[in-house]
Structures are given as C-alpha cells and as structure tokens.
Amino acid sequence: DAGITQSPRHKVTETGTPVTLRCHQTENHRYMYWYRQDPGHGLRLIHYSYGVKDTDKGEVSDGYSVSRSKTEDFLLTLESATSSQTSVYFCAISRSGGEETQYFGPGTRLLVL
Amino acid sequence: GENVEQHPSTLSVQEGDSAVIKCTYSDSASNYFPWYKQELGKRPQLIIDIRSNVGEKKDQRIAVTLNKTAKHFSLHITETQPEDSAVYFCAARRSSGSARQLTFGSGTQLTVLP
Numbered sequence: 001d002a003g004i005t006q007s008p009r010h011k012v013t014e015t016g017t018p019v020t021l022r023c024h025q026t027e028n029h030r031y032m033y034w035y036r037q038d039p040g041h042g043l044r045l046i047h048y049s050y051g052v053k054d055t056d057k058g059e060v061s062d063g064y065s066v067s068r069s070k071t072e073d074f075l076l077t078l079e080s081a082t083s084s085q086t087s088v089y090f091c092a093i094s095r096s097g098g099e100e101t102q103y104f105g106p107g108t109r110l111l112v113l
Numbered sequence: 001g002e003n004v005e006q007h008p009s010t011l012s013v014q015e016g017d018s019a020v021i022k023c024t025y026s027d028s029a030s031n032y033f034p035w036y037k038q039e040l041g042k043r044p045q046l047i048i049d050i051r052s053n054v055g056e057k058k059d060q061r062i063a064v065t066l067n068k069t070a071k072h073f074s075l076h077i078t079e080t081q082p083e084d085s086a087v088y089f090c091a092a093r094r095s096s097g098s099a100r101q102l103t104f105g106s107g108t109q110l111t112v113l114p
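Just so you know, the protein sequences line up as chains D and X, in that order.
When we follow this note's numbering, the leftmost residue of the first sequence carries the number 1, and every step to the right adds one.
When we follow this note's numbering, the leftmost residue of the second sequence carries the number 1, and every step to the right adds one.
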C-alpha cells in the first residue's frame with residue numbers, strides 16, 4: 001500500500017471547530033495530494049504539494065489550507081469546519097514529475113455535525 | 001481546465017460477460033489516462049493506465065483503449081467475476097503544469113451478478 005498512512009481514520013466534529021488531517025508517507029515521494037470523495041463527484045483535488053513548503057490549490061480549495069514542513073508529512077486543515085465538508089478525504093502520493101501513478105492512502109471519514 | 005465525463009454511472013452484468021466503461025475528456029493536451037478500482041470502504045487502486053502514444057493496452061482480463069481524435073478512452077473487462085464488483089474511476093492528466101494533477105470521472109458502480 002505504498003507506505004501511506006492517514007490519521008485519524010474517522011472523526012466526528014462540530015460546525016465551526018478546526019480540524020487537521022495528517023498524511024504520512026515512508027516512500028520519500030516528492031508529490032503529495034489531498035482529495036475529497038463525495039457521491040456523484042468522484043475524487044476532487046483540494047490541494048497538492050510538489051516539495052517541502054511548496055503547495056498549490058486544486059479544484060475545491062476554498063475552506064481548506066495545507067502545510068508541508070517535512071517530505072513525509074502533508075497536513076490538511078479545515079479552519080472552521082462546515083457541514084458541507086463532511087466527506088471522505090484521501091491523501092495520495094506520486095514519485096516525481098516523470099512518474100504519473102498516484103498511490104492513495106486509506107482515507108479519513110469526516111463527519112461535521 | 002480538464003473535464004472528464006464517465007458513463008454509465010451504474011452497470012450490472014452477468015458473471016462471465018464483458019463490461020465496458022467509457023470516458024471522454026476535454027483537454028487535448030492530456031496524455032495520461034489511468035483507471036482506478038475502489039472496493040467498498042477501501043482506497044482507490046490503480047488497475048491499468050495508458051499513455052497517449054499508445055492506442056490499446058491489455059493486462060489479462062482488463063484492457064483500455066484510447067481514441068485521441070475523439071478524446072475518449074474505455075475500460076474493457078472480459079469474463080467478469082464477482083470480485084470485479086466495485087466502483088471504477090477513470091482519470092486524465094495533462095502534459096504541462098507544475099504537478100501531476102489528475103482529473104477524475106464521477107465513477108461507475110459495476111455489479112457482477114452470479
């Protein structure tokens with residue numbers, strides 16, 4: 001499973017609270033991604049990173065921020081969670097610019113009440 | 001940006017029959033097209049991919065075809081088995097840009113009936 005872990009795996013929180021999800025990899029891959037998965041929408045890119053401290057926005061970045069202070073960790077933060085952010089969040093990694101294959105983590109199921 | 005449409009959204013086949021899932025993409029600069037399989041409650045996993053310099057690729061019971069002119073690509077599963085039941089996602093990636101961003105289709109729920 002490409003050495004990717006996500007934590008927590010499940011979380012229930014209340015509207016307005018901050019939430020941080022962690023993605024950890026042991027593969028030393030350069031690229032890391034955060035997706036959300038919702039019924040009927042497939043996987044949509046939130047943010048991605050192409051190196052330590054190098055991040056950029058994806059398709060659905062509003063309400064989310066990310067940080068990458070180490071190669072192995074990519075954090076996704078919901079500054080003030082809303083019910084519309086209830087979703088399954090997947091982290092993914094890919095090796096380099098020449099390697100297109102993305103490997104996914106196990107996912108985090110987030111419920112915002 | 002890229003837009004990927006996937007059809008059908010649900011597909012039921014009898015065990016042993018073939019299944020075909022189709023995707024169209026909008027960006028003619030896209031050059032990499034992976035297919036992922038996601039079982040219930042699990043992570044998406046790559047099952048096959050194709051690059052724009054190839055028209056067809058096979059791996060045992062799975063094949064993918066690509067028509068660059070029409071901007072569509074398809075997944076073919078032959079001799080389907082119950083364990084093929086899952087959600088399948090297509091995706092497309094353009095050749096330029098600072099990161100290897102994939103745009104995914106909305107998924108196809110495949111059910112193989114025994």
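One or more of the hints may lead you astray.
Ranges between beta-carbon positions, derived for each pair [unchecked claim]: (1) D56/D / S26/X: 18 to 24 angstroms; (2) K57/X / G16/D: 45 to 51 angstroms; (3) T82/D / G41/X: 35 to 41 angstroms; (4) E27/D / E5/X: 40 to 46 angstroms.
Rather than coming from a laboratory, the hints here were simulated on the basis of the structure.
Glycine included, each C-beta is placed from N, C-alpha and C at the ideal position.
Here is how each hint holds up against the structure:
no. : hint                              : result
1   : D56/D / S26/X: 18 to 24 angstroms : holds (21 angstroms)
2   : K57/X / G16/D: 45 to 51 angstroms : holds (49 angstroms)
3   : T82/D / G41/X: 35 to 41 angstroms : violated (25 angstroms)
4   : E27/D / E5/X: 40 to 46 angstroms  : violated (32 angstroms)
Checked against the numbered hints above, the structure breaks hints 3 and 4 and satisfies the rest.
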